[in-house]
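Number of protein chains: 2
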Amino acid sequence: MKDFVYKCTGCDKTYPGPGPLYRCKQCGEPLEVVFEGDKTISQNGLSDQTMIERYSSFYPFDKTATELSLGEGFTPLVKSRKNADKYGVGWVYFKNESANPTWSFKDRGSITGVMHALETRYKAIGTVSTGNMAASVAAYGARAGIETFILVKNNLPEEKINPIAVYGAKVIKVNGDYGQLYYDSLEAGRELGIYFINSDSPFRVEGSKTIAFEIFEQMGMEVPDHVIVPTSAGGNIRGIFKGFRELKDTGFADRIPTIICAQAEGCSPIAEAWKKDKRKIERIENPETIAHAIENPFPPSGNEVLRMLKSPGGFCVSLSDEEILEAQKDLAGEGIFVQPASATTLAAIQKLQKDSYWTGSEKIVSILTGSGLKYTSVFKKMNLQTYSCNLKELKEQLKEMQN
Amino acid sequence: MKDFVYKCTGCDKTYPGPGPLYRCKQCGEPLEVVFEGDKTISQNGLSDQTMIERYSSFYPFDKTATELSLGEGFTPLVKSRKNADKYGVGWVYFKNESANPTWSFKDRGSITGVMHALETRYKAIGTVSTGNMAASVAAYGARAGIETFILVKNNLPEEKINPIAVYGAKVIKVNGDYGQLYYDSLEAGRELGIYFINSDSPFRVEGSKTIAFEIFEQMGMEVPDHVIVPTSAGGNIRGIFKGFRELKDTGFADRIPTIICAQAEGCSPIAEAWKKDKRKIERIENPETIAHAIENPFPPSGNEVLRMLKSPGGFCVSLSDEEILEAQKDLAGEGIFVQPASATTLAAIQKLQKDSYWTGSEKIVSILTGSGLKYTSVFKKMNLQTYSCNLKELKEQLKEMQN
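Line by line, the protein sequences give chains A and B. In terms of this note's numbering, the first sequence opens at residue 110 and continues consecutively. In terms of this note's numbering, the second sequence opens at residue 110 and continues consecutively.
Calculated from the structure, these hints are not laboratory results. Hints are not guaranteed to be accurate.
The list treats identical chains as interchangeable, and a pair is accepted whether it falls inside one copy or across any two copies.
Said to hold, decoys possible - DSSO-like cross-link-like pairs, simulated, lysine-lysine; straight-line CA separation at most 27 Å:
| id | residue 1 | residue 2 |
| --- | --- | --- |
| 1 | K269 | K489 |
| 2 | K269 | K490 |
| 3 | K269 | K385 |
| 4 | K262 | K489 |
| 5 | K384 | K460 |
| 6 | K122 | K111 |
| 7 | K282 | K438 |
| 8 | K490 | K134 |
| 9 | K262 | K490 |
| 10 | K232 | K188 |
Pulled out of the complex, with its shape left as it was, chain A reads as follows (with noise of 0.2 Å):
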């Protein structure tokens, strides 16, 4: 690998990489990557190269690693002329992450931690996850044909641990507090030689810089308004914010969007923490919410967010299981269907429409992290109609049922 630090989001400590790092050791808070180097921003194509490949400068890699890819990254950010209209806003875009090869946002970070952990050696691999995470890291750990070890909740069902489990992975059910295992987890990682890709380690958010990059790119090198992120662990939003911060230090942007925090009501630490001006998340004692991807009661990047959302900007929203069901049918009705914890970011425009927030003029980007299929649990508290007839009464039947 080439020369990088890790830095301590909270007191700036450096320590010197290559080896992986997960958080300050003396104020606890999560590292992040910072890699010097020039920065450059390929004029081919996008999709001419894999993902790392076009974003290779802003990384310390030293290989590109194209046989890891399975074509992450990429994904359409579909202009909604429909919401731009419905809510007051010059327009609304939607970066679909569900269009990745494990259908979510993960992916990305994915690649950039297993290609972390194949430069600095390691044989084995892991994550924490009873979702997106899950399948993702299992996904790329057979594409590297290495040792994956994943972790999840004792009570995980079946219908979530087989699609976790279809990719050839060690399942481990774990009987215990789900949170103490991400600790945990890196403890037993350090002395047995498994890399754990968790939530929001240093190498992860490097990966959801490319969100950002992007979006910029397919903006036609601007930069949004505002961009709305679903909110659990802290690592996603800090990957997107870390990009767009180094499209400005690089020169290729002049200033980067206001970002906001979307969380679901039914756990939202750090919408909470924001609204009382506290520098600290709090845990959330009885989480529950249908946004079960966001469900996180006690994000180990929560302290991280709210430094980044004060400075350099941006603020949180909640929303109420109602709204996001509401926002989840409305993007369904546009032809994108997402799970639900994606629908908090078209919720959240809604809910500041109300607040009177938005000017007119916005270009704000939707960040719909995962696919629909994933939670089909949600689907007995939507009433989906259905119709039924005889064959021989078909024309009758539709008929009938025209506009």
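Mind docking chain B on chain A? Use the hints.
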């Protein structure tokens, strides 16, 4: 629309456009679109444009309909050294169509179908499908804001209907012969002004052409030696054939690949007719396979697929459920989780190795038609293993399991 004609794939009789036509009035065989015009391939990067913008010169549309795009196409072409070595061929490539907006190849034909409907001033669209196509047409109908009817089998379970109904289409369960429904829907649609974009309708076949165009571009303007296509109604394989033929006809390519039609043994009307050297397919009476997406007992484009396989060239392979399941697991073991129908392609590569068909240098493209998340009932047959432990014993458990 620009001028184009429909030509019968069976008897070459032509019919003028622009309205929707499906089958020859003379011989009953499916029609295809013939559009004469100067064709170009853009020098822009793949994702600087929508799929239809990029390949617009291959279509008679007046508009590029950017506002209809959900980001379809431009799916990854994933190289597999592992499978190439395992089966003794030059390269195996996976064209991963699950990275489309509704997670299957159907989105390509849905956008071209909806564009045709709009340019010929239809106010309503529909389709007959129980899976991928239903969700896709519902999504693009929603995106276009056009009335959309989805006709499904009467006994389709809720879990299959919900991901279709979520897009807000009018879903009708039709009690009666499902094969007949294909024809009756076209008839009813003609009378009522509903454009049924069914499986092998000419403008859906037009969408599948882009799979060939993209493969050609992603391989550096090179034609692969073999392309393997899971085949049901026959629309997709026809489109891929047509795409390569148009690349050759326009002088971009100097040849077309050998196309392999992959079917499941439990429902292989085309492969059966091929084996017996017949010119017409016969209906399969009791189809049964885990590859539900290609379980069509009487494919409406079956005879045309037989004609195409004779000239310009190709052949059929049929695979057992065991072979399909094994290949599905092998694909997941490389990080790509597909539905069983898609796994027929890798199973075919294996089967052809057993038959000593490969010579050692072939470049083979497998078309992976849709996401594994769509057919989760197959997990029951997989016997996926998991482990469990208490949090306190995590380190010991990991140590014990390490390679």
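Status of each hint after checking the structure:
1. K269 with K489: both (17 Å within a copy, 13 Å between copies)
2. K269 with K490: both (19 Å within a copy, 16 Å between copies)
3. K269 with K385: neither (36 Å within a copy, 45 Å between copies)
4. K262 with K489: both (23 Å within a copy, 21 Å between copies)
5. K384 with K460: within (16 Å within a copy, 62 Å between copies)
6. K122 with K111: The answer is within: 20 Å in one copy meets 27 Å, while 65 Å across copies does not.
7. K282 with K438: between (33 Å within a copy, 22 Å between copies)
8. K490 with K134: Close neither inside one copy (45 Å) nor across copies (47 Å); limit 27 Å.
9. K262 with K490: both (25 Å within a copy, 24 Å between copies)
10. K232 with K188: between (43 Å within a copy, 23 Å between copies)
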